[in-house]
Amino acid sequence: MTTRNAARYWTLAPALVIFGAVALLPIGELVAMSVSHVDWVQGQAHWRFVGMEQYARVLGDALFRTGAANTLVFAVGGVVVQMLLGFALALLTTRVARTRVIYRTIFILPILVPGIVIGAMWKLMYNFDFGVLNQILALFGVHPVDWLGNTATALAAVIAVDVWHWTPFVFLLMLAGLESLPQDVYEAARVDGATFVQELRYVTLPLMLPAILVTLLFRIIVGVKVFDEIYLLTGGGPGTSTEVVSYTIFRRFFTEGQTGYGSAMSVVVLFALALLFIAARTATRQRGTPA
Amino acid sequence: MNRAKLGTVAVHAGLICGAIIVLFPFAWIALAAFKTQISLLMGQVAFTPTLANFDEVLFSGTSDYLANYRNSLVIATSSTLIVLAVATLAAYSIERLEWPRWVVHVFLLGAAVFNAVPAITLVGPWYVVSRALGLYNTYPAVILAHATLNLPIGIWLMATFMREVPRELEEAAWIDGCGTLQTLVRVVLPVVMPGIAATAILVFIHSWNEFVVALNLTARQTATVPVAIAKYAQENETKYGAMAAGAVLSTLPSLVLLFFAQRAIVRGLTAGAIR
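As they're listed, the protein sequences go chains A and B.
For the first sequence, the numbering used here assigns the number 1 to the initial residue and increments by one for each residue that follows.
For the second sequence, the numbering used here assigns the number 1001 to the initial residue and increments by one for each residue that follows.
These aren't lab readings, by the way, just hints derived from the structure by calculation.
Source: prediction; values computed, not measured.
Just so it is clear, CB atoms sit at the ideal spot from N, CA and C, and this is done for glycine as well.
Do not take every clue at face value.
Per label pair, the in silico range of CB-to-CB distance [as the list claims (entries may be wrong)]:
#1 52(A) <-> 1194(B): 29 to 37 Å
#2 1181(B) <-> 52(A): 46 to 54 Å
#3 1023(B) <-> 94(A): 31 to 39 Å
#4 190(A) <-> 1043(B): 51 to 59 Å
#5 1023(B) <-> 41(A): 50 to 58 Å
#6 1085(B) <-> 56(A): 40 to 48 Å
#7 1193(B) <-> 98(A): 26 to 34 Å
#8 257(A) <-> 1037(B): 29 to 37 Å
#9 1181(B) <-> 179(A): 32 to 40 Å
#10 1139(B) <-> 209(A): 38 to 46 Å
#11 1010(B) <-> 209(A): 20 to 28 Å
#12 98(A) <-> 1024(B): 22 to 30 Å
#13 1077(B) <-> 179(A): 30 to 38 Å
#14 257(A) <-> 1085(B): 35 to 43 Å
Derived contacts from chain B toward chain A, CB cut-off under 10 Å, selection only [to be verified]:
#15 1155
#16 1205
#17 1232
Which chain A residues stay away from chain B? Per the calculated CB distances, all over 10 Å, these [to be verified]:
#18 48
#19 53
#20 203
#21 204
#22 283
Taking the hints into account, I'd like the entire structure generated from these sequences.
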């Protein structure tokens, strides 16, 4: 058994080395930069220790606050719609047999496409002057809408893109969950004369709850990370109406070159999300889910 | 019409609506790729198809698209190979080599927490470090970053698939005197091959699609396909036709994989979230 003992060290070592060198060390570097003012002179970084001052600025940064609020609306709002649509679509798909694989193939397409390409698709369709959405509206005599250029519609428009992008993922997980449910409980429910709604309420939903919670958590995590579509469609605008935290960090760190300040913002986001994630995981676990 | 028949019609109507909503944007951008800029700006529905956009994207002197495609292929393939090797070993280690439970728990939790953090928070230090080490705008920087970002999902998937391998197989190998590496390579790997394929495809697609890391760690020589497409969209006057053509070409690897390996893709996507 000694070889087996030695083996468990070298088999795990590469993963630990990579996580240590490319994740933990950079997080350490991030923390170091967050308490420093970093100047770039001819591609060389010059550091000056400034203490916690940049953290105080992050919490008072209006753009950061707007970004955080929008991210929350984006992630929660988008994911709720995705869960409802994805679940409904999965329920419908379980009702067909021969065409099920065809529908599944079509429905998972958006998951496989780069976020940037999805941004490009909707940039074409949302365009004020020649976008197909306004062309369709014109058929009904409705005035064109500047979907991405209007503060009233921009956030909803990018959430709609996210719903289009990720409902398929919820659909796929819900379909896999529904397909794995035991069939005998449904037979029992039918023998008892349960209606469709009763069956959904008392059989399907309780059995699907673990899968639903896991999917929900998973989707919110990815929703909070949103960057690509915002970058391509609105750049956070108009004004700050579609600003999200990832974009604020990108703006401060890279566009404005505020290395130290951008790092402080990254640290705040990184630790806030890590804590939220652990809390959510603990909470869903207590409800008896495996993940 | 009776109720059951009505229900069937409603089901099909719902599914067909869903399919149209999913397919329409794909069809629209594919059509746009064959339109001239003028035709696009005029919003023409009927138009004479042209290959000019593809010609510009692929062969014009100002376009690096073919080089971008090569960069994406090199980066996605390399990072996938790294993830496969490292994740397979790690998954085998935590699933089968009798670590204390708390080690497994801390390791998996750490990986899951890392997976929940937005990449942009790490791109800053990656940029600074790769600058300092002279790795900025090189393949290794992006490959390592992509491999690290995908390592948690790789480990998670491989651990799920390894859990399904019957222990008796390995025990037989141990008794026959196989070492750890031999047991893994000769006994376990052949059994989890479908799982490895699913992991490989998923990680490849993730890396191929990834944008924020590629945007900030690459410059002209190493830029990937998503960075190139974003450039068409971000120029002073958006080149809609070129953007569409670049976008259409960028989906080819995923479409090919979906056509030939749909089961593996579905396996990877579902095993990643549900066990």
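Status of each hint after checking the structure:
1. At roughly 52 Å, the beta-carbon separation of residue 52(A) and residue 1194(B) lies outside the given 29 to 37 Å, and the hint is violated.
2. Separation of residue 1181(B) from residue 52(A) is about 49 Å and conforms to the stated range, judged on CB atoms against 46 to 54 Å.
3. A hinted range of 31 to 39 Å is violated for the C-beta pair residue 1023(B) and residue 94(A), which are about 21 Å apart.
4. Taken as a hint, the range 51 to 59 Å holds for the pair residue 190(A) and residue 1043(B), whose Cβ atoms sit roughly 52 Å apart.
5. The beta-carbon spacing between residue 1023(B) and residue 41(A), approximately 53 Å, falls within the hinted interval of 50 to 58 Å.
6. In this structure the hint that residue 1085(B) and residue 56(A) lie 40 to 48 Å apart at CB holds, the actual value being about 45 Å.
7. Judged by the Cβ atoms, the range 26 to 34 Å given for residue 1193(B) and residue 98(A) holds: they are separated by roughly 30 Å.
8. Separation of residue 257(A) from residue 1037(B) is about 34 Å and conforms to the stated range, judged on CB atoms against 29 to 37 Å.
9. Evaluation of the 32 to 40 Å hint for residue 1181(B) and residue 179(A) yields a pass: the beta carbon distance comes to about 37 Å.
10. Checked against the hint of 38 to 46 Å, the pair residue 1139(B) and residue 209(A) passes, with Cβ atoms roughly 45 Å apart.
11. Distance hint for residue 1010(B) and residue 209(A): a CB-CB separation of about 26 Å, consistent with the stated range 20 to 28 Å.
12. Residue 98(A) and residue 1024(B) have their C-beta atoms about 24 Å apart, which keeps the hinted 22 to 30 Å range intact.
13. A beta carbon spacing of about 33 Å between residue 1077(B) and residue 179(A) agrees with the range 30 to 38 Å that was offered as a hint.
14. The supplied range of 35 to 43 Å is met by residue 257(A) and residue 1085(B), whose beta-carbon atoms lie about 37 Å from each other.
15. Contact between residue 1155(B) and chain A, as hinted, is supported at the beta carbon level, the nearest pair being about 7 Å apart and thus within 10 Å.
16. Because the beta carbon of residue 1205(B) sits about 6 Å from the nearest beta carbon in chain A, less than 10 Å, this interface hint is met.
17. Using the Cβ-Cβ criterion of 10 Å, the hint placing residue 1232(B) at the interface with chain A is satisfied: the shortest such distance is roughly 8 Å.
18. The claim that residue 48(A) lies off the interface holds: its Cβ sits roughly 15 Å from the closest Cβ of chain B, which is beyond the 10 Å cut-off.
19. At roughly 18 Å, the least C-beta separation between residue 53(A) and chain B is larger than 10 Å, which holds for a residue marked as non-interface.
20. For residue 203(A), the non-interface assignment is confirmed: its Cβ lies about 18 Å from the closest Cβ of chain B, beyond the 10 Å cut-off.
21. Chain B leaves residue 204(A) outside its interface by the beta-carbon criterion, the shortest separation being 16 Å against a cut-off of 10 Å.
22. With a minimum CB-CB distance of about 14 Å to chain B, residue 283(A) clears the 10 Å threshold, and the non-interface call stands.
Hints 1 and 3 from the earlier list are contradicted by this structure; the remaining hints agree with it.
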